[in-house]
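**Q** Residue numbers (numbering that gives the first Met the number 0), protein chains in the order written: chain L, 0 to 304; chain C, 0 to 450.
Calculated from the structure, these hints are not laboratory results.
Wrong hints could be hidden among the right ones.
[Stated by the list, open to error] Capping the alpha-carbon separation at 27 Å, the derived lysine-lysine pairs in DSSO-like fashion look like this:
| # | chain 1 | residue 1 | chain 2 | residue 2 |
| --- | --- | --- | --- | --- |
| 1 | C | 61 | L | 118 |
| 2 | L | 217 | L | 56 |
| 3 | L | 217 | C | 400 |
| 4 | L | 181 | L | 4 |
| 5 | L | 36 | C | 400 |
| 6 | C | 356 | L | 4 |
| 7 | L | 154 | L | 303 |
Remember, predicted model here, so these are calculated numbers, not experimental data.
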Amino acid sequence: MFIVKNRTFFYILSSLIMLGSLFSLFFYGLTYGIDFKGGSIIDVRYTGTMPTLEEMKEGLASSGITGYSVREAGLDGYIIRTPHLSEVERQSALSAISNGGRWVGEVKRFDSVGPTLGKELKSKALISLLLVILVIVIFITFAFRKISEPVASWKYGIIAIIALIHDVVVPTGVFALLGHFKGAEVDSLFVTALLVILGFSIHDTIVVFDRVRENLRKNNERRQKETFEETVGKSVSQTFTRSINTSLTTLITLLALYIFGSDATRWFSLALLVGIIAGTYSSVFLASPLLVTVERWQAKKQLKK
Amino acid sequence: MLKTRLLALGMLLLGVLLAFFVYQSEVNRFPVVGKYVGQHPFVLGLDLKGGTHLLYKADVSKVGSGDVDAAMESLREVIERRVNVFGVSEPLVQVEHSGLASGSRDERLIVELPGVTDITEAIEAIGKTPILEFKMFKGASPAVLAGVKDTTQFMAHFSDTGLTGQFLSRATLEFDQTVNTPQVSLKFNKEGQDMFAKLTKENKGRYLAIFLDGALIEMPVIREEIPNGTAQISGGFTPESAKALVRNLNYGALPVPIELISTETIGASLGKEAVDSSMKAGLIGFAIVALFLLFWYRLPGVVAILALSLYAAIMLAVFKLIPVTLTAAGLAGFILSIGMAVDANILIFERTKEELKAGKRLGDAIHEGFSRAWSSIRDSNISSILTAIILYWLGSSAVIKGFALVFLFGVVASMFTAVTASRLFMYSLGFNLERRGGIINFLFGSGFSGK
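So here's chain C without its partners, still in its complex pose (with noise of 0.2 Å):
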């Protein structure tokens, strides 16, 4: 008896401990505390919080096979550099594959500018297409361009060669035959032959500076004229960089041209209101699902609701720390659950109640109540997990898939709140289980009568 009463106020304890968690990470109400938890603030969607979803399709078709990821890994590093640009505070810029439904395979990108909702600007810099160009530096020493912020004051340093990307058919990572270091091999056409060995010829000893986008991504020196179109960077690079540096100099070679097929904006202020009328909605029915525990199940009621509350704690502790991307839908999903959840609970106590009409002591009925009700709990929930598991493996969306994964995560805790939790608070108790009859069938019957 007393360890099970340790082990309930124990379950009671980290459920307090859970709530305070989630709430003082939430206002920061004891800074001392937050030293040490740290910062965990509920992450939401760009429908609760504002911004902009935009989608695009990139057209890979004149990209080879083999060079597709390296291809829309470069994409996506330039949209990054470009959305930077804009200050947007956490953007995101990700790959997708997707085709996995629709047969063939499609390569998108997805950008997400939170807070943004003026998006002509974003959209026009987003979607321009890409440029290589090879720049000569004027100095002497790479050194001055240290310290230089200014982007016009550091393009002074150097001049156009007119060569570009389009002249550029490929570059190759290869590596050293003698010492085995890695090195970048870059290969000219026909026009950029001879272009190439123009501007290496003239400027033997000078740093080359190759832009991809406006950014220097590398400055090699020119050691000596190259007629062949076929020269060699080498020197410094580790094999992830070498890699990075092909990567980029094909793709600006021949730049991946992007469609946006998709765009959601949502205003701050929608996004506000619908935290605000989810967190109400949520409250008031939770409250009413306690008031409907409490009049019908009577004292197990009340079993309930702890253990409810639990779950509620559980649960939101569990998005702040994984953390969970919460959306509109996500949140409509937790308040659901909340109703779901006490699924376990009434299952338990219905058969708790057969049983005691029955007869049967008190102690028996709970115990049957309990092992009876577990296989329906069981068979119901793995089908629920395997209904989440689908939504979020086919899950076309952010909004689908934050839902998908709320939905899971709520089974998985319901079970255990529903089950183990309140098992542990019903024998805590301390009810004489060898009683039947009596103030135990009020106590422990149901509906709303007296009886």
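Bound conformation, chain L alone (with noise of 0.2 Å):
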């Protein structure tokens, strides 16, 4: 009940997130993975002796390479990001990091992803996202298709888009931040993080707005006269243990996958914890609120008829 009531410090609060994710993702942009821009990463590691930054760069500079960038990668090693290699920039690139076999570097990781292909990965990440957010608005207005009163069955389904919305932008402002800081990547893999963070999140939504429909049949049978207010009040709070519970097995999953898990997961696991969190918070926060504040704008405008 406490949620509902205080709806109006929960609309305020998303907002805030809400804005405070689009204002970095404005301001300080998405940092793309090679696969959405193209581009290529040598990831080398030295044994024994190893070049310092500067003689990398210089190295780099020498072999004719321009538009790269290097950082350091644990003790023994270096990432390099380059605009796309051809094959003979590439075999440059290489021995300009042995340095004709003055260092022993062993080359952990080359990907290197040409321009066409990377925006093509990129509208296809974009059509997926849309897709998955528009099948799940149809499958949502099917499953509670029998409620009609007093909210009609397509509103629960903008209402869960507007909920999935937040999940997104969330995690794509954290990113930008993180982008603009610790070098944390929006590719392939962040999206499909996003695309599950929605399954999830409409999974929280579903229970309640399932436990509402409930109520409002009970309701019904029962002849109880009871405002849709204290209807969804209920049914927030009756699921409220579950959908902590259930984000809580996830979260700690997804802690072991980041502390423990290997490195090509990493940020993966970072952005769906960002996201999980997100999407709990709006399914109980948001979404369930907005069906009340969705029923007084109807009972007001018929109130003017």
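Combine the two chains into a complex, taking the hints into account.
**A** Structural data, given as structure tokens:
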């Protein structure tokens, strides 16, 4: 009940979170991974002596490669980012890295993506994101089709979308920030994380909506008079423990993955961590109160008539 | 009651068997069993075992639209032959038609070279333009070629003619009018016509060898002088073999240039680290989730842990049996799904507890817990399944597809273990379903406090 009663407070809080994320997004912009913007990454680790950062940069510059950036990776290597390298450029970059055998390095990872492929992957990612949102709305409208009083089923779908947009914007804003300061990248894996977040958040939203559906039916059967606000409030508190616990077990495994898991999925698990917290929050504190607000609007309109 | 217990026991046994299967097929501890069960190792993606993934874009603009598929198939065969020369174990060469989302249809070629990280040589060899060559066989009978393995020795049996694919304008598949057997027709261009006429005039009765990319693909006998630049190769073809020859000849006449658009190379050590750390993360995640379930949900928590173990065993066995190519993202998806799989259990137990608090008998409470929670479980899992399908369908790389597949199996398997299996376990515990209050409220209650 507390949440539904104080919904204005939570609307303000949600708006602030959204605005903060959007600000970060527009102020810092996203740092795209090479699969979206094209480019090459060389991850090299040395045994024995290794070049200094300066020597590394000099070597790359003298091999004719432009637009590169070098970051230290651990104590024994570097991660070099360049625009998309042709085969000839790749070979000269590799020889610069070992400086003709002066340093013994192993290339642990070499990734390269051409610019046209990058564009395609980006549009594909965007399409899949939109498609998932669309399918979910259609599904919710379908699943809740028998509810028409007092709020029509397609409105449940629209509210679910508002919650979903919140869940996508928050991690994206956080990644804009992390990209600027920590080098986190927005790539295919990040978009995959967003899709999983959407799925997870919709779980939570469906559970609460499902309870609303059930309580409405019960009230109807027992001819119980209860305001819509009370019904939603009751439904939220009945499902609250479940929402928190499910998020908790998922967060536990994600934390394990973030702390102990592979480097390849480190940012992925962080994106999921942020998104799942946002998703749980939006289902409980945003989507359900919105149901009540929508019902209020309708009531006002009818009065005017 | 007895039936429920037997079924529950069977379910547990299934879990144990699956777990044993996973263990046995990984380490082959008992060779006797191994003989019957066979070896089913986990199939690891390139990012976990190390290797190189190359993506080429094929320029098919010069190929007629009806011939694109044939040209790509021929390109695939040529590249596969070249890759095999490197002695790479289990290389993968496949054609991919893209353009679903981008609008323009692109023909692509994927080359995967497990274990290869020094790619300079491979890239050079793959990128070479293939050549179709016509050579004269020096000997009298092709029998002398049998058993010659050494390339130099083999090639010593042939002499150059100067006639190559650039002089061939087209090869077509035809059927002999009288006996209806397949034959291959060659049409040379103006320059090729003269060369071919001279060649056939001088070498009547000898063998003409056709090489694509250095490999002998056909060796017909020259029966007569062919002045008009149109020749038929007939005899001994099946429709399929004739089709393959036509494809290869046309491809040699108009090779499809390829351009490397994406490279991914991962050192074996990095892959091994990823496997080890994912396993560690999975075990730790599982253990903490299990502890949480035990302390928060008490007795039903134990049931949920059993169901979760069954879930893990089923998933690992499915990975092996299908088999699913595991990637770092796929493993992450599996670990994530362990946390999400208990969702259904949590929904059910919360509901059961609520009903008990309302003063219902234990049997009714459990029953209500399962039946009332079902609609949420169904609806939310359907939305997950839809998400997984879209991800798999639009997923741009093996990484994303691998994740989507694991995620999809996870959702389906968890619906089974968390609902069907948990219900069996719960009923077979043997509580008096008529009871209410007291110890029951404690055992089926929740939270870390005594109440």
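**Q** Is the straight-line distance between the alpha-carbon of residue 217 of chain L and that of residue 56 of chain L 27 Å or less?
**A** 71 Å, violated
**Q** Regarding the pair residue 356 of chain C and residue 4 of chain L, is the alpha-carbon distance no greater than 27 Å?
**A** Roughly 25 Å separates the two Cα atoms, so the pair holds.
**Q** Within a Cα-Cα threshold of 27 Å, do residue 181 of chain L and residue 4 of chain L meet the stated pairing?
**A** Between residue 181 of chain L and residue 4 of chain L the Cα gap is close to 40 Å, so the pair fails against 27 Å, i.e. violated.
**Q** Would the hint linking residue 61 of chain C and residue 118 of chain L be met if the CA-CA limit is 27 Å?
**A** 25 Å, holds
**Q** Taken at face value, is the distance from the CA of residue 303 of chain L to the CA of residue 154 of chain L at most 27 Å?
**A** The hint holds at about 21 Å.
**Q** Just to be careful, I want the Cα atoms of residue 36 of chain L and residue 400 of chain C compared with a cutoff of 27 Å; is the pair within it?
**A** 21 Å, holds
**Q** Is the Cα-Cα distance between residue 217 of chain L and residue 400 of chain C 27 Å or less?
**A** 43 Å, violated
The earlier numbered hints that this structure contradicts are 2, 3 and 4.
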